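In order, the protein sequence lines correspond to chains U and L.
Under the working numbering, the first residue of the first sequence is numbered 1, with each subsequent residue one higher.
Under the working numbering, the first residue of the second sequence is numbered 1, with each subsequent residue one higher.
Be a bit skeptical, because a hint or two may be false.
What the hints assert, rightly or not - Quick list of in silico lysine to aspartate or glutamate cross-link-like pairs, EDC-like style, CA-CA up to 20 Å:
no.	chain 1	residue 1	chain 2	residue 2
1	U	K86	L	E209
2	U	K86	L	E62
3	U	K104	L	E209
Please keep in mind that the hints were generated in silico from the structure rather than gathered at the bench.
These numbers were taken from a predicted model, which means no experiment stands behind them.
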Amino acid sequence: MRTGIGIFLLYISSMLPVYADEVVYQLKITNHLFYPDTIEVPAGVRFKLLIDNQDATPEEFESFELNREKVIMGQSKTSVFIGPLKAGIYPFFGEFNPETAQGKIIASTPPNK
Amino acid sequence: MLTTVIIILREFLEAALLISLLSVLHLKFFSKKIWIIAAVVVGGIGSFGYANSFATISNCFEGNGQEVITGLSLLITGGCLAMQIAYLNILYRQPAHLTTANNTALFVATIVSAAFIIVMAIVREGAEILLYYSTINVQPGNSASMVIGGMIGAGLGVCTGVLSFVVIDQLRLKSFVITITLLLAFMAAGLIAEAIQLFIQAGWIMGSESVWDSSSLIPEPSVAGQLLYAIFSYEATPTREEVLAWLTSMFSLVCLLLWIHNRQQIGGQK
Chain U
1 MRTGIGIFLL YISSMLPVYA DEVVYQLKIT NHLFYPDTIE VPAGVRFKLL IDNQDATPEE
61 FESFELNREK VIMGQSKTSV FIGPLKAGIY PFFGEFNPET AQGKIIASTP PNK
Chain L
1 MLTTVIIILR EFLEAALLIS LLSVLHLKFF SKKIWIIAAV VVGGIGSFGY ANSFATISNC
61 FEGNGQEVIT GLSLLITGGC LAMQIAYLNI LYRQPAHLTT ANNTALFVAT IVSAAFIIVM
121 AIVREGAEIL LYYSTINVQP GNSASMVIGG MIGAGLGVCT GVLSFVVIDQ LRLKSFVITI
181 TLLLAFMAAG LIAEAIQLFI QAGWIMGSES VWDSSSLIPE PSVAGQLLYA IFSYEATPTR
241 EEVLAWLTSM FSLVCLLLWI HNRQQIGGQK
């Protein structure tokens, strides 16, 4: 029982973040559009996405594929951690303006792997 | 208009289902409705306060305020749902305990925790709706469709909650207890898994790659996907950490129910 609890706690501790150099990508929201609308990232790497909402109104960054959802107030910035992602295409959208605010993240395996 | 319907329906659905399940549970054993109405009103007022303070809250915890506050509220809500499950299963087998002085504290704590669940659900979902509608002033051409779409979405959400209430209320007692226990257990586990996902988003927990991808079977944006999200916090591509949190929560709830059953059996033998 104690061994099981110990193994469980060790496993949980592996989920604690490692503060190595962060990989950061920038995303801008202007006139309910994302810039850039396509972000290429390496597969298998956790990264931080800095979102700068330059519009006056709030927007909600959302993606079913990425399991991410965050409201960004007007004229403000925020960040979300994403990944590690398997190789593939991950669409995201602005829930408050889904017709226009659309983009995607493309995760790809580096060619030398 | 369809966009607004979907947005509002999604926000209303989770709160409506929680309120209907808690209402049908407590009204079955305790006829007073006033605390439910009070919780809804407090939740509504709270959502205005939360929406107005959203910028300040978002900037807390190094910009992770949304994730931290929402994640903590989901964890507490999960615990409160566990209390509801315990209360129901204690009450079902020994309803006389409700009237004894020894369990008055349990009764009051259960009502307070149920009210807390309702308030938190309305604050969370209501604030997001208010933030969405804060954009209405800059979209005057769309304002009518946003208002009508919102009414439709809200109406559909409320109807879903009412339908759930009516269907479950018709069940015989044993089926009622099993159904409510299962639904609340799935909701509790789902909310705790959702809290873990928020902490991953905030960078507080390291996430992993998704364990499976069920989007080809049940896409998240679909009607079924959204309904399952409201009940189970369904994710088509959950991470290992979310799955572990869900399984741990369900295991803990099963242990809780077994402990209650054991205690009642021991009590019955004395």
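- [ ] Verify the proposed pairing of K104 of chain U with E209 of chain L, using a straight-line Cα cut of 20 Å.
- [x] 18 Å, holds
Task: 20 Å Cα cutoff - pair K86 of chain U, E209 of chain L - done: Status holds; Cα separation ~6 Å.
Task: Satisfaction of hint between E62 of chain L and K86 of chain U, Cα-Cα up to 20 Å - done: 28 Å, violated
Checked against the numbered hints given earlier, the structure breaks only hint 2 and satisfies all the rest.
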